[in-house]
Each structure stands twice: as C-alpha cells, then as structure tokens.
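The whole structure should be built from the sequences, with the hints applied where relevant.
The letter at position 72 of the sequence shown is residue 72 when you use full-length UniProt numbering, and the numbering goes up by one with no holes.
It should be emphasised that the hints constitute simulated quantities derived from the structure, not laboratory data. A virtual CB, placed ideally from N, CA and C, is assigned to each residue, including glycine. Be careful, since some hints might not be right.
[As the list claims (entries may be wrong)] Pairs of lysine to any residue, SDA-like flavour, derived with a Cα cap of 20 Å:
no.: 1; residue 1: Lys35; residue 2: Gln96
no.: 2; residue 1: Lys3; residue 2: Glu89
no.: 3; residue 1: Lys51; residue 2: Thr88
[Unchecked claim] Now the in silico label distances, taken between C-beta atoms and shown as ranges:
no.: 4; residue 1: Glu108; residue 2: Gln60; range: 43 to 51 Å
no.: 5; residue 1: Ser63; residue 2: Arg32; range: 17 to 25 Å
no.: 6; residue 1: Asp75; residue 2: Lys51; range: 32 to 40 Å
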Amino acid sequence: MKKFSQGLFWGALFGGLAGLLNAPRSGQETRRYLKEYLDQTTADVNDVRYKVDNLSHAIQRLSQEGLGNLKEAQDEIQYAVNQFTRETEPRIQRIQDRVQNLQNEIKENLEVN
Numbered sequence: 001m002k003k004f005s006q007g008l009f010w011g012a013l014f015g016g017l018a019g020l021l022n023a024p025r026s027g028q029e030t031r032r033y034l035k036e037y038l039d040q041t042t043a044d045v046n047d048v049r050y051k052v053d054n055l056s057h058a059i060q061r062l063s064q065e066g067l068g069n070l071k072e073a074q075d076e077i078q079y080a081v082n083q084f085t086r087e088t089e090p091r092i093q094r095i096q097d098r099v100q101n102l103q104n105e106i107k108e109n110l111e112v113n
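Laid out in structure tokens, this is it:
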C-alpha cells in the first residue's frame, strides 16, 4: 500500500506540474482546478489509509485476544478484510481513474504542443 501511495503522490505531483505548464486554461483557473483535484485525491488517499489502519488494528485486536476458536478468528478476519475491500474499492478506483485522466491530459497537451 505504501508503494501505491508514493506512486499516487508522485504521479499527482508531476502530472500537476505538467498540467500547469501545458494547460489551455488560465493560470488561476488551472490552479483552482488542480487544488480541488488534489484535495479530493488527498481525501480519498487519507480515507483508504484510515481504513487500512482500522483493518490492522482489528487484526491485532483479534490476535491479542487469543481467541480459542481458530475458525471463529479466521471468519472474523475474513469478514474484516472483505468489508475493507468493499469500502475502499470505489475510492481506489476513483484514484486510479484520476491518475489515468491526468496522464491522458498530459499526453494530449504534449501532442498539441
């Protein structure tokens, strides 16, 4: 997950810089768009990070409680993982879509220039 976050950060940073340099919009308009875009992406990344932390704490809690029934612990962990996946999948997809859109915009701007 750390590599994904780093890749997202660097991709957004370089994509934003390239967009600023090659944007067909005015500087103020581009900065506003980029700020809103980065704010939303940051919120999504922070939400995913928060959910990863919650999943980690849930797994630690389950292991520390020393549940006597291994099957019960396995079921609870599987449930927590499935719930995490369901909750974060749309946000991860939005992040990936945004990165792809940024890459496409950069490519289009480079082709125009």
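For each hint, the structure was consulted:
For the hint linking Lys35 to Gln96, the alpha-carbon distance of about 18 Å falls within 20 Å, and the restraint holds. The hinted pair formed by Lys3 and Glu89 meets the criterion: a straight-line CA distance of about 17 Å does not exceed 20 Å. Note on Lys51 and Thr88: the hinted pairing holds, with a Cα-Cα distance of about 8 Å set against a maximum of 20 Å. Evaluation of the 43 to 51 Å hint for Glu108 and Gln60 yields a pass: the beta carbon distance comes to about 46 Å.
For the pair Ser63 and Arg32, the supplied restraint of 17 to 25 Å is violated, since their beta-carbon distance comes to about 47 Å. Range check, Asp75 to Lys51: about 20 Å between beta-carbon atoms, so the 32 to 40 Å window is missed.
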